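J.: Can you make the complete structure from the sequences, with help from the hints?
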Amino acid sequence: MAKFWFITGSQFLYGEETLKQVEADSKEIVAGLKLPFPVEYKLTVKTESEIEKIVKEANYDDECAGIITFCHTFSPSKMWINGLTLLQKPWLHLHTQFYDTIPNNAIDMDYMNLHQSAHGDREHGFIGARLRSARTVVVGYWKDPEVQAQIADWQRACVGVKFSKSLKIVRFGDNMREVAVTEGDKVEAQIKLGWQVNTWAVGDLVEEMNVVTESEIDALVAEYAKLYTFDEKDMAEIRYQAREEIAMEKILVREGAMAFSNTFQDLHGMRQLPGLATQHLMAKGYGYGGEGDWKTAGMTAILKAMYPDGATSFMEDYNYDYKHELILGAHMLEVCPSIAADKPRIEVHPLGIGNREDPARIVFEGKAGRAKVLSLIDIGGRLRLIAQDITAEKPFQSMPNLPVARTMWKPEPSFLDGLKCWILAGGAHHTTISYDISTQTVRDFARIMGIELVVIDKDTTPVQLERDLMLGDVIYAHRSFSF
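Sequential numbering from 1 applies to the sequence shown in the working numbering.
Simulated from the structure, these hints should not be mistaken for laboratory data. Among the hints, erroneous ones may be present.
Restricting the straight-line Cα-Cα distance to at most 27 Å, the calculated cross-link-like pairs of lysine-lysine (DSS-like) are [said to hold, decoys possible]: (1) K458 with K394; (2) K143 with K89; (3) K394 with K367; (4) K143 with K27; (5) K226 with K89; (6) K3 with K27; (7) K367 with K458.
Label pairs and their computed distance ranges (CB to CB) [unchecked claim]: (8) L13 with V253: 53 to 61 Å; (9) P403 with V139: 47 to 55 Å; (10) A180 with K284: 27 to 35 Å; (11) E223 with N82: 46 to 54 Å; (12) K3 with K343: 32 to 40 Å; (13) V187 with E48: 30 to 38 Å; (14) K34 with P308: 34 to 42 Å; (15) E48 with T101: 28 to 36 Å; (16) D110 with K34: 28 to 36 Å; (17) V474 with R447: 15 to 23 Å; (18) D473 with S414: 21 to 29 Å; (19) D473 with H119: 35 to 43 Å.
Just so you know, these numbers come straight off a predicted model, no measurement behind them. Ideal Cβ positions, reconstructed from N, Cα and C, are used throughout, including at glycine.
T.: Rendered as structure tokens:
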């Protein structure tokens with residue numbers, strides 16, 4: 001479970017009565033925050049030793065996903081230095097005030113001393129800037145829904161960070177041969193993101209498949225029947241996919257992994273490429289990447305952890321429609337039904353790749369709506385996260401001979417410039433599509449993780465993006481020599 005600690009800054013200068021009021025006000029603020037994850041008031045800190053102690057406690061509390069600080073009164077920033085330099089959890093500086101207005105008659109020097117976050121938070125902001133801390137700053141009245149929405153976005157990023165730091169990814173076999181973008185530095189990924197990425201032979205999976213029982217398959221097929229429609233004539237292929245799913249999940253559970261990859265080029269001993277099996281595992285919250293793409297598998301798992309009930313899937317750009325300015329996104333088989341517009345259907349069709357039997361897969365149209373596609377790439381010496389705003393649309397034609405799960409979308413800032421920006425940034429053909437994540441959450445996640453972020457939105461231009469990418473090369477080259 002993820003929770004967040006609320007820490008208020010003050011000092012002993014104002015006396016015990018003021019400190020009691022500061023604590024009461026802080027508790028009222030916490031009680032009034034309507035957020036997706038709980039916030040707990042911890043302490044009004046007044047000394048360097050209190051700050052250092054509570055930071056150490058936060059660092060070693062497995063449930064604490066981040067701290068929120070607010071300097072109700074004046075909190076001298078030098079006493080925060082030792083604690084903040086030790087901080088290993090995400091930090092949000094909430095620059096707010098207990099009341100949203102200045103009372104004409106009530107304001108006197110005592111009131112000023114109690115309500116001086118305009119003073120105290122600036123001191124607090126200075127030390128964050130002086131320490132070059134990777135913090136998020138939210139400004140505004142704490143009861144304002146927009147302010148609380150920004151805090152909620154940060155919470156989502158923190159939950160993703162917490163999940164990422166212990167993420168294990170199972171690779172069933174290796175990458176698709178000769179593909180560049182699915183490669184990457186697994187050591188760097190563990191240093192930066194916490195991911196443990198390791199390979200299990202396909203033979204290990206086949207051995208696990210061979211001991212799956214018919215009763216286990218019966219139970220999973222019954223679960224399929226509640227979620228999807230299908231024809232009884234396809235039962236043999238559906239049961240084989242169930243066998244694959246059960247075996248893969250047993251390995252994932254045994255290894256404590258929440259993401260996996262495989263490839264159609266490494267199916268020795270398997271009769272079908274996992275389609276339905278992979279799709280249903282994604283619907284349960286696992287991340288996936290095709291052709292051995294462990295980076296996309298990891299990002300998909302993280303977004304599913306951020307939004308457990310959201311619409312998130314592994315995705316691939318397949319075809320362009322220049323006339324209608326749309327991208328067709330799909331994959332051979334493996335798109336998560338969480339993004340389906342209607343109840344999905346299991347179907348069996350030939351697959352002209354992989355040299356195996358016709359696999360069962362879930363077929364559906366993706367839902368319309370605002371979304372993002374995200375691509376994590378190893379750009380050489382660093383990781384780059386690319387996030388592009390898109391608008392998914394209801395397909396303008398039925399495509400009756402394309403029996404796969406698919407969606408269509410318009411990229412921002414426009415169709416052609418959106419494509420150009422993606423190519424300039426080095427974005428992969430594999431992505432994670434999310435209908436839930438906000439730009440702020442993406443920014444917060446990248447900031448906390450210390451990785452490069454490229455955002456492509458309605459205001460992006462190819463010229464400015466190309467300049468920003470060159471500046472990024474300079475910035476990250478400097479960072480690489482600064483330690």
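J.: Tell me if the straight-line CA distance from K143 to K27 falls inside 27 Å.
T.: Roughly 13 Å between the alpha carbons, so the hint for K143 and K27 holds.
J.: Regarding K34 and P308, is the given constraint of 34 to 42 Å on their beta-carbon distance met?
T.: For K34 and P308 the Cβ distance comes to about 18 Å; the hint is violated.
J.: So does L13 sit 53 to 61 Å from V253, Cβ to Cβ?
T.: 55 Å, holds
J.: Note whether the CB distance of D473 and H119 lies within 35 to 43 Å or breaks it.
T.: Holds, since D473 and H119 (Cβ atoms, about 41 Å apart) stay within the stated range.
J.: Is it true that D110 and K34 lie within 28 to 36 Å of each other by Cβ?
T.: At roughly 31 Å between Cβ atoms, K34 and D110 fall inside 28 to 36 Å, so the hint holds.
J.: Note whether the CB distance of A180 and K284 lies within 27 to 35 Å or breaks it.
T.: Because 31 Å falls inside the window, the suggested range holds.
J.: Verify the CB-CB distance for V474 and R447 against the hinted window 15 to 23 Å.
T.: Since the Cβ atoms of V474 and R447 sit about 19 Å apart, the hinted range of 15 to 23 Å holds.
J.: Could you say whether the range 30 to 38 Å given as a hint is met by the Cβ separation of V187 and E48?
T.: 37 Å, holds
J.: Can you confirm whether the C-alpha distance between K226 and K89 stays at or below 27 Å?
T.: 41 Å, violated
J.: Quick one, are K143 and K89 close enough, alpha carbons at most 27 Å?
T.: 25 Å, holds
J.: Evaluate the given range 32 to 40 Å for the C-beta pair formed by K3 and K343.
T.: Roughly 36 Å apart at Cβ, these two residues keep to the hinted range, so it holds.
J.: Tell me if the beta carbons of D473 and S414 are separated by a distance inside 21 to 29 Å.
T.: 26 Å, holds
In summary, the structure is inconsistent with hints 5, 14 from the numbered list given earlier, while agreeing with the others.
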